[in-house]
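Could you put together the complete structure from these sequences and hints?
There are 2 protein chains.
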Amino acid sequence: MSEYSIGLDLGGTNLRAAAVDAKGKMLQKIWATTDLSRGPEAVMEDMAKAIDALRHSLGSQSLHGIGVAVPGFIRLKEGVIMGSNNLAVLEGFPMRDALQTRLDAPVILENDANAAAMGEKWIGAGRDVDDLVLVTLGTGIGGGIISGGRILHGFLGMAGEIGHITVVPNGNPCGCGNHGCLEKHASATAIAGLGRMIGLGDVTSEEVYELAKKGDTRALAVFEHMGRALGMALAVLVNIFNFPLYLISGGPIPAWDVFSIPMMAELKQRSFTYRASKTVVAKAELGNEAGLYGAAYLPWSTETNYVARG
Amino acid sequence: MSEYSIGLDLGGTNLRAAAVDAKGKMLQKIWATTDLSRGPEAVMEDMAKAIDALRHSLGSQSLHGIGVAVPGFIRLKEGVIMGSNNLAVLEGFPMRDALQTRLDAPVILENDANAAAMGEKWIGAGRDVDDLVLVTLGTGIGGGIISGGRILHGFLGMAGEIGHITVVPNGNPCGCGNHGCLEKHASATAIAGLGRMIGLGDVTSEEVYELAKKGDTRALAVFEHMGRALGMALAVLVNIFNFPLYLISGGPIPAWDVFSIPMMAELKQRSFTYRASKTVVAKAELGNEAGLYGAAYLPWSTETNYVARG
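These protein sequence lines are chains S and L, in that order. Per our numbering, the very first residue in the first sequence carries number 1; after that it's consecutive. Per our numbering, the very first residue in the second sequence carries number 311; after that it's consecutive.
Simulated from the structure, these hints should not be mistaken for lab results. Careful, some of the hints might be misleading.
Pairwise CB distance ranges (calculated) [to be verified]:
hint, chain 1, residue 1, chain 2, residue 2, range
1, S, Arg196, L, Asp438, 45 to 51 Å
2, S, Ala276, L, Arg528, 33 to 39 Å
3, S, Gly177, L, Glu401, 41 to 47 Å
4, S, Gly177, L, Met336, 50 to 56 Å
5, L, Pro416, S, Asp130, 22 to 28 Å
6, L, His489, S, Gly199, 55 to 61 Å
7, S, Gly199, L, Ala398, 48 to 54 Å
8, S, Glu78, L, Lys524, 31 to 37 Å
9, L, Glu613, S, Lys214, 52 to 58 Å
10, L, His489, S, Ser37, 45 to 51 Å
11, L, Arg528, S, Glu78, 48 to 54 Å
12, L, Gly349, S, Gly177, 50 to 56 Å
13, S, Ala276, L, Met336, 34 to 40 Å
Note that CB positions come from ideal geometry on N, CA and C, so glycine has one too.
And the structure:
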């Protein structure tokens, strides 16, 4: 059979692993729960088991490589997870080496937002470009930047922290120490929080959207604020990168028709580069499978960032 | 004699050209006035004459290549100057091809801020890194981004518009159509404007600095505002790029000791990436020769952005 790679995407309560061929066709997928409270070794073992199951099913001979996407910063050369907000229990754990030893095979470790951006570039909404930014709206806001077909890592693998662009200088306080970070004004969590603040009660972001669809002026005001915040951050990105494509994904995407109007208005006003070019802002295509595909792509890429250089 | 390249930096009222060897040693330099009102052909002829003089002096045999830095956006593949605020007369002029025909030699055309960033990377404050951002404070604010040792151009050569990052959402109006652009709050022009607004009279940015040195509280308030604006933009850049080095150059640099304190305070507060890493923010080293060196470097680089791809 033809060669395949294995990608794994680790979330807060579950993991998914998939075997994918060189053209991005998914051959087999595994979904499993994982319990972070059992510690990094146990999580690593859950990951290894899912990878092993695919490897046994499809055969070791045809396995091209293994890519693993996890939340948090990755020290690329060391393959160590650092400063993960959602997965504090994994902080400092040498995940790459532990997996390599357990699996007796090379493993590439990557940040999940970076992997998602690479997935979109490979077979998603970014397949026709070499440069894009992916903004993911969730509990927080993550970002991945693809420049010249490669992930922009920065010198410590911390690049792409789009959720912490200041959009309201004296805005909502953020856990990062700043005020007015994008993710405090435009994430799914922020939408729900703004809804509560404006008197909608104990709502979820989905409920704010349902209210907005019915024409509730307070819910619409929430998405006006959220869209403008996102538009301001997009303007910064467009002015800095002049990339052809900016993708948005995540839970609030169903509300696109509501928030994209103020978002695009703000972007248009704040970026002459946008007005002077055929820059595209669009929904991502792979949803929450983007990180899985991106992780599976990593072994096919020619990047050398993932190995220690002597 | 050893090989050399020729770099030329075109300003609003003058031009400078230099012959530089492969190690960045300047062999000879020419300075000349130029009169933009005489039209693009005449300016091109002034540029060609300066380049010719160096070529005659040092010999065509050893000439490795010619790089030319001009303000404004460059359509890289076509070698055409677009949308230049300061040099409107040159807009749409096919400068690269005109120079190539006149000189009968290949010419690389580049934006001046990008060339300056490359100059600093080559033999200036950035010589030890592969990734940096240069922010130039002048009439406006220009930026150049070096990623992986190469200029980040974006798909139309418009990347690096750092002067148009929004730092005060409802701030001073900008010619670009936005409000609160960095360059309206932190350029040399902005420093003078803020000084006038705060009641210092018809001052220059240098005079605001002289007053600040003497402890004038209004002048100090101007630099407090300017430093905080710059710090906010730096925080955005650090969060997005996670590069090891951010350089600042331009007329207000003598006031570094005054504005860098609020600048660094703002950066520190707004970027956990800065706090978590050994990111360096420093003065550039080459002053207004950076663009000249950077232009001279271009023929030595291996970038392929400058030629039309079929």
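Here is what the structure says about each hint:
Look at Arg196 (chain S) against Asp438 (chain L): about 50 Å separates their beta carbons, and that is inside 45 to 51 Å. Take Ala276 (chain S) and Arg528 (chain L): their Cβ atoms lie about 38 Å apart, and the range 33 to 39 Å holds. A hinted range of 41 to 47 Å holds for the C-beta pair Gly177 (chain S) and Glu401 (chain L), which are about 44 Å apart. Distance hint for Gly177 (chain S) and Met336 (chain L): a CB-CB separation of about 45 Å, inconsistent with the stated range 50 to 56 Å.
Separated by about 25 Å at the C-beta atoms, Pro416 (chain L) and Asp130 (chain S) satisfy the suggested range of 22 to 28 Å. At about 30 Å, the beta-carbon gap between His489 (chain L) and Gly199 (chain S) misses the expected band of 55 to 61 Å. For the pair Gly199 (chain S) and Ala398 (chain L), the beta carbons lie near 52 Å from each other, so the given range of 48 to 54 Å is met. Take Glu78 (chain S) and Lys524 (chain L): their Cβ atoms lie about 51 Å apart, and the range 31 to 37 Å is violated.
Our hint of 52 to 58 Å for Glu613 (chain L) and Lys214 (chain S) holds, since their Cβ atoms are close to 54 Å apart. At about 48 Å, the beta-carbon gap between His489 (chain L) and Ser37 (chain S) stays in the expected band of 45 to 51 Å. Range check, Arg528 (chain L) to Glu78 (chain S): Cβ separation about 51 Å, and the 48 to 54 Å hint holds. For Gly349 (chain L) and Gly177 (chain S), the Cβ-Cβ distance of about 54 Å falls inside the hinted range of 50 to 56 Å, so the restraint holds.
Between Ala276 (chain S) and Met336 (chain L) the beta carbon distance is about 36 Å. The supplied range of 34 to 40 Å therefore holds.
Checked against the numbered hints above, the structure breaks hints 4, 6, 8 and satisfies the rest.
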